[in-house]
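Generate coordinates for the entire structure from the input sequences, incorporating the hints supplied.
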Amino acid sequence: MADEGRSGPLSGIGVVVIGDEILSGRRQDRHLAAVAERLAARGLVVDWAQFLPDREVTIVDLLRRSRADGATVFCFGGIGATPDDLTRACAATAFGRPLVRHPEAAALIEAQFGEGAYPKRILMADLPEGADLVPNPFNRVPGFALERHFFLPGFPEMAHAMLDHILAGPLVGLGDAGYVEQSLWLVDTPESELVDLMEAFCAAHPTLRLFSLPVLSTERRLLELGFKGERSEVERAMTALVVALGEREIVAHDQRPE
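Heads up: the sequence shown runs through residues 3 to 260, numbered per the working numbering.
No lab work stands behind these hints: they were computed from the structure.
Fair warning: this is a prediction, and the values are worked out from it, not measured in the lab.
Some clues are possibly wrong.
Straight-line Cα separation of at most 25 Å, SDA-like style, residue types lysine to any residue; simulated pairs [what the hints assert, rightly or not]: (1) 230 to 255; (2) 122 to 86; (3) 230 to 240; (4) 230 to 38; (5) 122 to 106; (6) 230 to 215; (7) 230 to 103; (8) 122 to 135; (9) 230 to 252; (10) 122 to 150; (11) 230 to 214; (12) 122 to 103; (13) 122 to 134; (14) 230 to 192; (15) 230 to 245; (16) 230 to 106.
Simulated restraints, written as ranges between beta carbons of each label pair [said to hold, decoys possible]: (17) 103 to 47: 33 to 41 Å; (18) 234 to 213: 12 to 20 Å; (19) 234 to 109: 48 to 56 Å; (20) 66 to 159: 29 to 37 Å; (21) 166 to 260: 26 to 34 Å; (22) 202 to 223: 52 to 60 Å; (23) 123 to 241: 53 to 61 Å.
Glycine included, C-beta positions come from ideal geometry on N, C-alpha and C.
Encoded structure:
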């Protein structure tokens, strides 16, 4: 989504992916899935995601709103040194800070590239004043953080290792250790035949979130069915679900059938 929904809330946890190449289809996004996978292990979900063009007014508008709403944001792309890399300057504008050369970031870039840091690579050390650095184990060029907004490169090979650092460091306490997701697999069982059963389980376990995910195949139909929520309640619901399916002579598989 580029410019739509500009007045909507942006609280919770958000993912922002910046780059015309994503919106044009020249590149495929891999960041949203990476964040969602890591949050799921903590009992969390991505509350919203936006894909933005390399357009200053759009980027600044979103960051101002997410900052005002107190969101936690993982922002990917646009922190390089080429003319289409606008994220560093947009973050400075959105957070009301000047763009200044960060001495530690400059030292890291100089150590990595030597004389090759100048005149252009060193521009990646120009960050919003007061920003914290996010270490980059791939090539030592850091990302940066401002008020629970984390700005990472567009390259997944760099960004996802940096994301792991954030979740093990600044956001180590983020999440709910008691949350789990559990599911089972059904073969050639249409969702339509289980709607009444799903409704009954939703009524019996109102604190849980049910999910039903069909997999379309030319050979056979698969259905992943399960619950998300507090561990003990999920376990009770899953045990009861296996019994209920057995009463309908439907075989449940713990793993996806090959």
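So, going through the hints one by one against the coordinates:
Between the alpha carbons of residue 230 and residue 255 the distance comes to roughly 18 Å, so the proposed pair stays at or under 25 Å and holds. Pair hint residue 122 plus residue 86 holds up; C-alpha atoms about 13 Å apart against a cutoff of 25 Å. At roughly 10 Å between alpha-carbon atoms, residue 230 and residue 240 fall within 25 Å of each other, so this suggested pair holds. Straight-line distance between C-alpha atoms of residue 230 and residue 38 comes to about 14 Å, which keeps the hinted pair within the 25 Å bound.
Among the hinted pairs, residue 122 with residue 106 is consistent with the structure: their alpha-carbon atoms are about 17 Å apart, no more than 25 Å. Taken as a hint, the residue 230 and residue 215 pair is honoured in the structure, with Cα atoms around 13 Å apart against an allowance of 25 Å. Proximity of residue 230 to residue 103 is assessed by CA-CA distance (about 45 Å); at most 25 Å being required, the pair is judged violated. Distance hint between residue 122 and residue 135 is fulfilled; the C-alpha atoms sit about 19 Å from each other, no more than 25 Å.
For the suggested pair residue 230 and residue 252, the alpha carbons sit about 22 Å apart, so the restraint of at most 25 Å is met. In summary, the hint linking residue 122 to residue 150 is not supported, as the alpha carbons are separated by about 28 Å, beyond the 25 Å threshold. Taking the CA atoms of residue 230 and residue 214, the gap is near 11 Å; set against the 25 Å cutoff, the hint holds. With a C-alpha separation of about 13 Å, the suggested pairing of residue 122 with residue 103 holds against the 25 Å cut-off.
Note on residue 122 and residue 134: the hinted pairing holds, with a Cα-Cα distance of about 22 Å set against a maximum of 25 Å. Restraint check for residue 230 and residue 192: the C-alpha separation of about 21 Å stays at or below 25 Å, so the hint holds. Taking the CA atoms of residue 230 and residue 245, the gap is about 19 Å. The hint holds against a cut of 25 Å. For the proposed pair residue 230 and residue 106, the alpha carbon gap of about 43 Å is over 25 Å, so the pair is violated.
With their beta carbons about 38 Å apart, residue 103 and residue 47 fall inside the hinted range of 33 to 41 Å. Residue 234 and residue 213 have their C-beta atoms about 19 Å apart, which keeps the hinted 12 to 20 Å range intact. At about 50 Å, the beta-carbon gap between residue 234 and residue 109 stays in the expected band of 48 to 56 Å. Here the CB-CB span from residue 66 to residue 159 is close to 30 Å, well matched to the stated 29 to 37 Å.
The beta-carbon spacing between residue 166 and residue 260, approximately 30 Å, falls within the hinted interval of 26 to 34 Å. Checked against the hint of 52 to 60 Å, the pair residue 202 and residue 223 fails, with Cβ atoms roughly 22 Å apart. For residue 123 and residue 241, the hinted distance range of 53 to 61 Å is satisfied, since their beta carbons lie about 57 Å from each other.
When held up to the earlier numbered hints, the structure conflicts with 7, 10, 16 and 22 and fits the remainder.
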